[in-house]
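**Q** Sequence:
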Amino acid sequence: MEFKPKKSLSLSIRRGKVDEATTFTVAEQQIPTVSLEPVKSLGRWYDSSMKDTRRGAETLELTSESLLAINKCGLQGKFKIWCLQFMLFPNFYGHS
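Going by my numbering, the sequence shown opens with residue 87, and the numbers climb by one from there.
None of these hints come from the bench; they were simulated from the model.
Nothing here was measured: the structure is a model prediction, and the numbers come from that model.
Beta carbons: idealized from backbone N, C-alpha and C, even for Gly.
Any given hint could turn out to be false.
Said to hold, decoys possible - With a cut-off of at most 30 Å between alpha-carbon atoms, the simulated DSBU-like pairs for lysine-lysine come out as follows: (1) K103 to K90; (2) K90 to K126; (3) K92 to K137; (4) K93 to K126; (5) K103 to K93; (6) K126 to K103; (7) K126 to K137; (8) K137 to K93; (9) K103 to K92; (10) K103 to K137; (11) K164 to K137; (12) K137 to K90.
Unchecked claim - Cβ pair distances, simulated, as ranges: (13) K126 to M173: 16 to 22 Å; (14) F172 to D105: 42 to 48 Å; (15) T145 to S121: 44 to 50 Å; (16) K166 to S127: 29 to 35 Å; (17) R130 to A107: 51 to 57 Å; (18) D138 to E106: 39 to 45 Å; (19) C159 to E106: 41 to 47 Å; (20) K166 to K126: 51 to 57 Å; (21) E151 to S98: 32 to 38 Å; (22) L170 to K92: 39 to 45 Å; (23) R141 to G102: 16 to 22 Å; (24) E106 to P176: 32 to 38 Å; (25) E123 to T145: 18 to 24 Å.
Throw the hints in and build the complete structure from the sequences for me.
**A** Written out as structure tokens, the structure is:
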């Protein structure tokens, strides 16, 4: 089995802050940092800021767009509820 540095990401934290000056190399290939490429883990995106403040705004925007799309479709009310329950809710609870 071969380690592929380009498919990995690194994160260095010193004294509670992200240290972008530290880089890691394997087989003379540099491992990209999370500040260059955000990483998705367990359905959530993480970047070098390591804060969730942006995630709240993204969730609100996604919810309003999804509700508008469900409302604009030509389905009857009970089918709109089905879309809400089985398509929209699982996105927020990690079931999809």
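**Q** If a hint holds in the structure, say so; if it doesn't, say that too.
**A** Hint-by-hint comparison with the structure:
1. K103 to K90: holds, 27 Å
2. K90 to K126: holds, 18 Å
3. K92 to K137: holds, 25 Å
4. K93 to K126: Roughly 13 Å between the alpha carbons, so the hint for K93 and K126 holds.
5. K103 to K93: holds, 24 Å
6. K126 to K103: With Cα atoms ~20 Å apart, K126 and K103 stay inside 30 Å; holds.
7. K126 to K137: Measuring from Cα to Cα gives roughly 14 Å; hence the hint holds.
8. K137 to K93: holds, 23 Å
9. K103 to K92: Within the cut-off at roughly 24 Å; holds.
10. K103 to K137: holds, 12 Å
11. K164 to K137: This hinted pair is violated, its Cα atoms lying about 38 Å apart.
12. K137 to K90: holds, 28 Å
13. K126 to M173: 16 to 22 Å: The hint (16 to 22 Å, Cβ to Cβ) holds, given that K126 and M173 are roughly 20 Å apart.
14. F172 to D105: 42 to 48 Å: holds, 44 Å
15. T145 to S121: 44 to 50 Å: violated, 23 Å
16. K166 to S127: 29 to 35 Å: For S127 against K166, whose Cβ atoms are near 32 Å apart, the range 29 to 35 Å holds.
17. R130 to A107: 51 to 57 Å: violated, 26 Å
18. D138 to E106: 39 to 45 Å: Once the Cβ atoms are compared, 20 Å apart, the range 39 to 45 Å for E106 and D138 is violated.
19. C159 to E106: 41 to 47 Å: Hint holds: Cβ distance 45 Å, inside 41 to 47 Å.
20. K166 to K126: 51 to 57 Å: violated, 29 Å
21. E151 to S98: 32 to 38 Å: holds, 36 Å
22. L170 to K92: 39 to 45 Å: holds, 40 Å
23. R141 to G102: 16 to 22 Å: holds, 20 Å
24. E106 to P176: 32 to 38 Å: holds, 36 Å
25. E123 to T145: 18 to 24 Å: About 22 Å separates the Cβ atoms of E123 and T145, which means 18 to 24 Å holds.
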